[in-house]
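J.: Here are the chains, one letter per residue:
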Amino acid sequence: MKNPFRKDLESRSRPEACTVVIFGATGDLTHRKLIPALYNLQVEGALPAGVKIIGFARREKSDAEFRLGLEQVNKKVSRSGHDESIWADYAENIHYHQSEFQDAGGYARLADRLDEIDRERGGSGHRLFYIASAPEYFDDILANIKEAGINHNKKGFWSRVIVEKPFGTNLPTAKHLNKVVSKTFSERDTYRIDHYLGKETAQNIMVLRFANAIFEPLWNNRCIEQIQITCSENLGMEGGRGGYYDSSGAMRDMVQNHLLQLLSLVAMEPPTDLSADGVRDEKVKVLRSLRQWNTPELVSENVVRAQYVAGHVDGENVVGYRDEDRVDPESMTESYVALRVLVDTWRWSGVPFYVRMGKQLPKKATEISIHFKEPPTVLFNALSGGVPGGNVLVMRIQPDEGISLRMVSKIPGSSLRMEPVKMDFHYATSFGKGSPEAYERLLLDSMAGDATLFARRDEVEEAWKFIDHIHHAWHQSKESPVMSEYVAGTWGPKEADDLLGKNGHKWRRL
Amino acid sequence: MGDYTDNDYAMALGKEVAIADVDKELRLLWEEDKASTNASLINLAVYSEHKGAIIKNSEHVQIITREHACRALLIGVDRDNPEASIRAWITAQCHLAHGRKSICCEQVAFQLTGKSTGRLRNTVFSHLNSDLPLVFWWQGELSSLFSERLYSLIDRFIFDSSEWSNPIDAYSCLSEAMKSEQSLLPMDIEWTRSSQVRMAIAGLFDDPMAVNALEHVSELNIVVHPEHRMAGLQLLAWVIQRTGWKRCCELSLDSDHGDVYYYETSEGSALVAKIVADPLSAPVGAMEFIAPGLELRVTRDAGSAYICQELHAGAHHIERRTPSNSDDSAELVMNQLSRGGNNSLYCAVMPEFLALLGGE
Numbered sequence: 009m010k011n012p013f014r015k016d017l018e019s020r021s022r023p024e025a026c027t028v029v030i031f032g033a034t035g036d037l038t039h040r041k042l043i044p045a046l047y048n049l050q051v052e053g054a055l056p057a058g059v060k061i062i063g064f065a066r067r068e069k070s071d072a073e074f075r076l077g078l079e080q081v082n083k084k085v086s087r088s089g090h091d092e093s094i095w096a097d098y099a100e101n102i103h104y105h106q107s108e109f110q111d112a113g114g115y116a117r118l119a120d121r122l123d124e125i126d127r128e129r130g131g132s133g134h135r136l137f138y139i140a141s142a143p144e145y146f147d148d149i150l151a152n153i154k155e156a157g158i159n160h161n162k163k164g165f166w167s168r169v170i171v172e173k174p175f176g177t178n179l180p181t182a183k184h185l186n187k188v189v190s191k192t193f194s195e196r197d198t199y200r201i202d203h204y205l206g207k208e209t210a211q212n213i214m215v216l217r218f219a220n221a222i223f224e225p226l227w228n229n230r231c232i233e234q235i236q237i238t239c240s241e242n243l244g245m246e247g248g249r250g251g252y253y254d255s256s257g258a259m260r261d262m263v264q265n266h267l268l269q270l271l272s273l274v275a276m277e278p279p280t281d282l283s284a285d286g287v288r289d290e291k292v293k294v295l296r297s298l299r300q301w302n303t304p305e306l307v308s309e310n311v312v313r314a315q316y317v318a319g320h321v322d323g324e325n326v327v328g329y330r331d332e333d334r335v336d337p338e339s340m341t342e343s344y345v346a347l348r349v350l351v352d353t354w355r356w357s358g359v360p361f362y363v364r365m366g367k368q369l370p371k372k373a374t375e376i377s378i379h380f381k382e383p384p385t386v387l388f389n390a391l392s393g394g395v396p397g398g399n400v401l402v403m404r405i406q407p408d409e410g411i412s413l414r415m416v417s418k419i420p421g422s423s424l425r426m427e428p429v430k431m432d433f434h435y436a437t438s439f440g441k442g443s444p445e446a447y448e449r450l451l452l453d454s455m456a457g458d459a460t461l462f463a464r465r466d467e468v469e470e471a472w473k474f475i476d477h478i479h480h481a482w483h484q485s486k487e488s489p490v491m492s493e494y495v496a497g498t499w500g501p502k503e504a505d506d507l508l509g510k511n512g513h514k515w516r517r518l
Numbered sequence: 347m348g349d350y351t352d353n354d355y356a357m358a359l360g361k362e363v364a365i366a367d368v369d370k371e372l373r374l375l376w377e378e379d380k381a382s383t384n385a386s387l388i389n390l391a392v393y394s395e396h397k398g399a400i401i402k403n404s405e406h407v408q409i410i411t412r413e414h415a416c417r418a419l420l421i422g423v424d425r426d427n428p429e430a431s432i433r434a435w436i437t438a439q440c441h442l443a444h445g446r447k448s449i450c451c452e453q454v455a456f457q458l459t460g461k462s463t464g465r466l467r468n469t470v471f472s473h474l475n476s477d478l479p480l481v482f483w484w485q486g487e488l489s490s491l492f493s494e495r496l497y498s499l500i501d502r503f504i505f506d507s508s509e510w511s512n513p514i515d516a517y518s519c520l521s522e523a524m525k526s527e528q529s530l531l532p533m534d535i536e537w538t539r540s541s542q543v544r545m546a547i548a549g550l551f552d553d554p555m556a557v558n559a560l561e562h563v564s565e566l567n568i569v570v571h572p573e574h575r576m577a578g579l580q581l582l583a584w585v586i587q588r589t590g591w592k593r594c595c596e597l598s599l600d601s602d603h604g605d606v607y608y609y610e611t612s613e614g615s616a617l618v619a620k621i622v623a624d625p626l627s628a629p630v631g632a633m634e635f636i637a638p639g640l641e642l643r644v645t646r647d648a649g650s651a652y653i654c655q656e657l658h659a660g661a662h663h664i665e666r667r668t669p670s671n672s673d674d675s676a677e678l679v680m681n682q683l684s685r686g687g688n689n690s691l692y693c694a695v696m697p698e699f700l701a702l703l704g705g706e
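Residue numbers (our numbering), protein chains in the order written: chain X, 9 to 518; chain H, 347 to 706.
Some hints could be false.
[Unchecked claim] No more than 20 Å apart at the CA atoms, straight line, and that leaves these computed lysine to any residue pairs for SDA-like:
1. K10(X) / E641(H)
2. K15(X) / D354(H)
3. K402(H) / D354(H)
4. K10(X) / L640(H)
5. K514(X) / S438(X)
[As the list claims (entries may be wrong)] Residues of chain H placed beyond 10 Å of chain X at every Cβ, according to the derived structure:
6. V368
7. L375
8. H396
9. R412
10. F471
11. G614
12. D674
In short, the hints are calculated from the structure, not lab data. Quick caveat, the model's predicted, so the values are computed rather than measured. Every residue gets a Cβ at the ideal spot worked out from N, C-alpha and C, and that includes glycine.
Bound-form chain H, shown alone (with noise of 0.2 Å):
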């Protein structure tokens, strides 16, 4: 189990208890303790190859359950450890409800190990609670674990594009496991890290200067972090998707300048588009519209707590600042389980995605 020690494990994941004893211990557990009340709306499994994940992954749930009650299952996975073995350990998540009543999550976390790993399914989700949905959040490298076994019991699936080291055979790997179960969401937590910008991109192009400049835009500069690449390709196929521009020449890559496209608009206008990797910016570090008369931009610096927009089109100018959401991968799951609905526009924008992450 790592560098951790038991008394650690114990401290993050409650008490252990025996792997038939969980529903039993789950009771007692309650029990003891009659003030709290037992919610629940979501089935959230958190699924991790990382040594000791489990135990950041408890911090994660309880993040997660201040605005989502869930039962909430931890699995911790060593495939390379010679011993075969599962460990299950259980306690409450509880948050105070408005200043008032404490509501309480149950958490059950199962560290297995060697050949247990094929005990998955079988023996975690022996535990889910019966007729609410599977939220499962994959962390890290789709494994040979992620199979039909597995996603056919998922309802949404939450990854996280920017951990994939070959994003093209991830993807593809996704794209197999949608087609054999249609009702598999995916959730990319990369794509909801640009979900504000999209927003507040979206929000600056109401402007009617805004929006009677977009056929003639020149340039569209996206700023990521190395690490967020995808996010960055996401954005592109976003406004491509929605604008219908038309690539016009080859992918040109350029060491100093990042990525570069270059399309035409509806109305014929040559314009190029740019993904720079800056180590300096904030997962998503600005997208910005250059047009005859009109800049547009939205801005985050790294750690800012703000995203700023900017309009500027002759004596018009916008300039206002919104709170940020947090990098924090567990506020990201937070929401975007509270946006809830089929996640459509990224189903939308997948396509053109893939085709710029193949270098189509």
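Pulled out of the complex, with its shape left as it was, chain X reads as follows (with noise of 0.2 Å):
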């Protein structure tokens, strides 16, 4: 039977109450991000009844010990708070469970407890299971997942996983943990997670596009003549992160993943529904259509990598990336990558997406900026200085999320003269609450079996290929692309800035 109480009283899907084995429990994700978001909705009111958690990890603790250190990082990092009353009823559902990762018994033990937890509830019960671990157990997990029977749909209830990223290191590793996880979960359970989709401002991109009758007609090759997509980083790698980071590199730590999602949702078709497939369908076909760069020649052409020197960043001085802590003083594992992305649809031909990560750069900033094309040049082009610059329209991701549409307009005057202004929209100005962290959109979303803001196999494999591409010119041809340098605390390389000057183009000044 339903719950009739449900019906019209939130506009989202229904979360079901379940059993969270979070494996890789006492690491940073669980600590600093899973347990907050799943305690954030408790307080909101939003986290279903009854459910429980279970932390995996390998090391010796007591349930009391595992809630104590969790407590400890919840009172700091908190977004609403820490509430001792709340926190109470909250950690009595948590629970610790030791096991290797690669033993079996572990999730023969695992299997018994969630059948006791069952039982409880009169017999059976969801149950999600979240990734955190380290990428290299992946396999392992999930393997014995499936040995203990655990990842069966019983009847009337689910079980899904979500998969923290990096989701493979490159196509075939992808491939690979998609068949892996395949074997244990059906793909309508799997939910590959990437919190920028849960982000605010990425979920207001469709509603931007979709629900506002401007923007669409002008949405094309027509009238746009550039899009850039930055997301810009002040950090280096400080707390150890240098050891991940070389393995992985700005290509593939965040254009593969956040990027090319935020691309597909500013250059997707409108979808015939909001269904996670009607979405993902869309998302993917942009992915299909990204012209390759298949050869050195064209990466050369259309990329550039560079890695930063010593520099200053916020008054700072910092060291240059191959003098980092835990990075390869000969490192060829670039901080700094920038890209001209051709989208081949009709919509989109001829119109260049420029994408550049970089980190130790001047602020933290992840933004869209649509530049429109400049009017025709008749009327006010013949006058002395023309029109200054174009419409340009922004989506800022974070911080200061928002939107902002620069148009020209005549400077008071009696002469005719003309400057470009902004009409700028912040969510914190407008809407004074607080947005909830990505995590717990996210959450709330695979508990109620809405994979929208999640990514799909076919994506996550389209987009590697993309990725792997350049990766190979870079890192496997005889005549392998240069990698160019650019002072910390600087936009970025020289380079960069060519690749756009060719076609005329500028990069956005943030």
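Dock chain to chain to rebuild the complex, using the hints, since each chain is given by itself in its own frame.
T.: Quick look at the structure:
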């Protein structure tokens, strides 16, 4: 029987009470993101009653020790603060399960524990497995879940898995991982998390495009000159990140997942409906339409990679990338990448998408800017100075989430002079209430069976296919494209400016 | 202007200005302070015929603008005053957004007395921010000023049915307005008072054991404060509308136990529903479903900061607390504005509620 009281109560899919099993429960992600996200959902009253959490990890710990560690971090990072009474209720439903990831016996004991929880619930229950461990354990965990038989959907009850990035390190490993996952869970029950898609402004891209009649008619190569997607970070390899980052790099760490996801939301056709597959079908068409830079020459022409050298960021001296802790002194891993991406569709033919991501840049910002074509060169362009710049629509993903539109206006006075002006919408100004953390939304969606904001298998593979060609040119071709340099605290290498300059474009100044 | 002095009004409402100069003075206000950002997503009019209410309402706007940037129009009306006058004050309600930027909302307060109250529409509504929706919070009884000339301007109409001495007549008046002006969206603060209880009940019935027992419920108990009988009736109407349970006996009024109603579930089980008015209760103090082998309840003690959810079914127990919304009217309006939407659930429950209210 369906719960009749849910109808019309909320305008979102209904999350269902389940047991959440987190693999890698002693890690940073669990402590800083997952547990606080679930706690904040409880504070908001959005977490279904009866949700139980089992932390699965290798270290020896009691439930009490595990809860205490989580509580200490929650006090520091929880978005809504920390309420002792609510935490006490919440923590009662958190348990620790000690096991090696490779130990089949540990999973058999987990199965018994899940059955016991289900029995208390009256027979059966939903299960959500969150794989938050290091990637090298993904295979073992998934195989052992299957072996223990806890992956099966019992009648009327689901078992789902959330897989954290990196989802592979290239196309073959992604395919392998997809194969391993698909042996244990169906695609319908697999949720590949990309927390960028849980951000309010990323979700707002579709709303802006399809809920406003004024933009969509202009959203094509007739009106748009170029599109830029920028993700800049003013940090380097602090906190021991160098080890992981040096094996990954800007392209695989950010572009393959977050930035190509944003690009596909900007470039996709209107979906037939808002169902998960309705949206993802359109997104994957964009990824399939990316022109492949599949020779070293094409990569040299369209992609710039670089590493930072010593400089200043926020007034502090910073070392060069190769001098960072846990980074190979001869590393060929890029801390900066800029690409010219072409989407070979009717709508986007001839419109370059410029994507850039870099570490140790002057400030932290992620944004998408849509640069419209200049007006015809009659009328005002005949005046000295012409029209100062075209219209630019900017969607700021973080920080200072919002949307701005640049337009040209007359300067008051008796002569006809023009200057660009900006209409600016800031979430924080208009909506006093803070947005929920991306993980809150995504965890609820996975409990509700709504995979719209999760990457599908074919999306991940298409993205890797595009990235792999570039990586191949960089690391395996005889005449690999050069690794450029930029001074930390600047906006990247000169070559990245040249990449746009040859088309008469410039990076937007942030 | 009642027991309040001009100084009280100036302290609460800002600078007194001539009606004709409101816009000019607002511009000057912004010129004085270049560090603030003027924000507005809605026009929020707050109307009251209680003496001195506009002072309290300025405090309400201060709360609401924390989350909802608006052009606030405070309207105080004193129809019994023999003197016909209109006075206006302007100020800005400012907040630090995320500890950084100062976000300010314009507030214009109008006090209308005597025959000038007839100039409400022309005087006040010439100061709306164009293109933004008008949310109108009417406090207290619906008076003759609630007319087509007024409600034809309104997008969302906020009221508190617990303040009405004759809710049947007031709802009838509101229904007429909604028929005549179909875009008028009603938002009852009393309905918002029970929203957390409804969410909590719905959450507990997500549990398979609970939902399977729903057709075997034998008792439904609702406890409200005597001032919030409307909330009790609305909760009962919600349950009936959602479950399709049929009334099987006439209403029985029992002074010791409140209102008692008899129903039959779709599987034919008999059940009794009680709405108990308890002076020591929170506005909505409890809602409880009892079925064989199952007890499910949501409770909130008066003044408590928490709502408690409990489910007991054999060995299966759920007990948890969540923060409760404030009982303050401004906070409730704020919650209502956050929810947005077209209030479809309230509109769907209205017929059942009106039937209960009318004793049908």
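J.: For each hint, tell me whether it holds in the structure or not.
T.: Status of the hints after comparison with the structure:
1. K10(X) / E641(H): 19 Å, holds
2. K15(X) / D354(H): Violated. K15(X) to D354(H) sits at ~48 Å, over the 20 Å cutoff.
3. K402(H) / D354(H): 11 Å, holds
4. K10(X) / L640(H): Since the Cα atoms of K10(X) and L640(H) sit roughly 17 Å apart, the hinted pair holds (cutoff 20 Å).
5. K514(X) / S438(X): 31 Å, violated
6. V368: 24 Å, holds
7. L375: For L375(H), whose nearest Cβ neighbour in chain X is about 18 Å away, the distance exceeds 10 Å, so it holds.
8. H396: Holds, since 28 Å exceeds 10 Å.
9. R412: 5 Å, violated
10. F471: Given that every Cβ of chain X is farther than 10 Å from that of F471(H), nearest at about 23 Å, it holds.
11. G614: Answer for G614(H): holds, closest chain X Cβ roughly 16 Å.
12. D674: 16 Å, holds
The structure does not agree with the numbered hints 2, 5 and 9 stated previously, though it agrees with the rest.
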